[in-house]
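Work out the full structure, taking the sequences as your base and the hints as a guide.
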Amino acid sequence: MNIVPSRLQQLLTTICDVVDAFLAVVLVQIGGDKMQVITVAGPMAAPGLENAQLDLSVSGALAGALREASTQLIESALSQSLMPEAHDLLRDKETYTLVLPFQTAAKLRAAIVLESPKRVVLDAKLVRTLKSFTDIAATMIEDEATSYRPGAPATGKPRKTTWTSGERSAIIGESPVWRDVIEKVGLVAPTTTPVLIIGETGSGKEQVAKAIHEMSDRSHQPFVAVNCSVLVPELALSELFGHEKGAFTGADRRRLGRFELAEKGTIFLDEIGELPAVAQAQLLRVLQEWTFERVGGTEKISADVRLVAATHRNLVQLMEERLFRDDLYYRLNVFPIHVPPLRERLGDIPLLARYITDRLRMRFRSPDLGISEDAVDAMTHYHWPGNVRELCNVLERGAILSGGAEIKTNHLQLTIEPRGAETAVARGKPDADTAVPTGYLLPESLTRMERAMALEIFSALNDAGNRISGPKGAAALLGVPPSTLQSTIKRLGLRP
1097 MNIVPSRLQQ LLTTICDVVD AFLAVVLVQI GGDKMQVITV AGPMAAPGLE NAQLDLSVSG
1157 ALAGALREAS TQLIESALSQ SLMPEAHDLL RDKETYTLVL PFQTAAKLRA AIVLESPKRV
1217 VLDAKLVRTL KSFTDIAATM IEDEATSYRP GAPATGKPRK TTWTSGERSA IIGESPVWRD
1277 VIEKVGLVAP TTTPVLIIGE TGSGKEQVAK AIHEMSDRSH QPFVAVNCSV LVPELALSEL
1337 FGHEKGAFTG ADRRRLGRFE LAEKGTIFLD EIGELPAVAQ AQLLRVLQEW TFERVGGTEK
1397 ISADVRLVAA THRNLVQLME ERLFRDDLYY RLNVFPIHVP PLRERLGDIP LLARYITDRL
1457 RMRFRSPDLG ISEDAVDAMT HYHWPGNVRE LCNVLERGAI LSGGAEIKTN HLQLTIEPRG
1517 AETAVARGKP DADTAVPTGY LLPESLTRME RAMALEIFSA LNDAGNRISG PKGAAALLGV
1577 PPSTLQSTIK RLGLRP
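Residues are numbered in this note's numbering as their position in the sequence shown, beginning at 1, plus a constant of 1096.
Mixed in with the good hints, there may be bad ones.
Claimed, not checked - In silico lysine to any residue, SDA-like type, Cα no more than 20 angstroms apart, as pairs:
1. Lys1586 with Gly1561
2. Lys1214 with Gln1168
3. Lys1341 with Lys1360
4. Lys1227 with Asp1313
5. Lys1130 with Val1115
6. Lys1227 with Lys1130
7. Lys1130 with Gly1156
8. Lys1586 with Glu1552
9. Lys1360 with Arg1314
10. Lys1586 with Arg1409
11. Lys1360 with Asp1231
12. Lys1360 with Glu1330
13. Lys1280 with Gln1168
14. Lys1280 with Ser1228
15. Lys1586 with Ala1560
Hints were generated in silico from the structure; no laboratory data involved.
This is the structure in structure tokens:
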């Protein structure tokens, strides 16, 4: 339904996964004793449920539970109450309906109602989790109150949202491996537990981190992202924890660090495997005591933040090589979430492609922009070394090449390989034509594109005798500034 932000529907999908429900709806009061469905989710979500209304003055278990406004589990079919045509489908099936009433800050009555084939055990832990979900839903509805209230006049103003097309697309999917990710996000979001997100470059790690933030009670507080791979060791502590005036040459004023900027919100440490050693020690202290000091200061500052970290590297291997602290790893690895590469969830591509195309249609103001079935099918046969990020770029290029019309296969400009026939380089095992020069190590965590780049760098370093700078250095051979080559080597984790 276009009157409801997609993240509310995503919230329902997560709740369905948590309680094993096959149908979930959000109902809001539209006047008197009537409530109306504003969004639906789950395998049994059907067009007949959209905008369905329920009269609370009539008899019935569901109406009674909603009138009482208390969390209840009833032996009654939600779908039959709202959609009579579901009666025959569920006639011989035992179903249970979970009613979760709540109010927004503006006292608008609402409820999340779920239907499940199982009798849900409402223990204290589940009740707390469900309460966090209704709190999030209340906030979402309050934020978009004008758009949510059925019959409310249109303002003509675009609705503000924190999701860009690329960010939102990264959390869309129905494949089993992706549903597992979403389920974990839903479980951990209401807590304060540190989260470690592991996945290839471009697979959507930062977007998963944002989903955790958006589905937490910190969603209205800052989300501060830090790319650890660009932190200079000498300034890493200042960047993360701030510094006092006079702490070092050039510190002419007090500066707040990223942890203070993220106060009461979420700090996202991307590429945590690249964090300098001195900062690793300080981060460990924060995770142990939840306090820190600015560089050059003595005041202990409390850290009221949610910590989410991410990496595309093998942290266990880095620990063995003494490049990453094992005590920090165990503090971070309390709740790991593995983000699968796009090639492992090719079944999600049709949904992703159409969603991204819809966003591009609005962005480019091209009402005729669409995507052909052949183009979608072709994308399901591609290996996607750049993952969701590459998918977004390919579709944006296709939208431009199509002239704002239908994106066809030729607009995608993909080199299609038979499924399962990825190259040796894509599998992390160079073949005879792409062998790694003797004495160089190719990290297994690199994507195919990154491996190709690494091989070019290794070849240049080998020819230049491992010199980066100078007229005969590797940078000159590659035609790039030495600083660019050095930062690329660091980013890819290359070592001769």
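Violating hint indices (sorted, rising)
3, 5, 6, 12, 13
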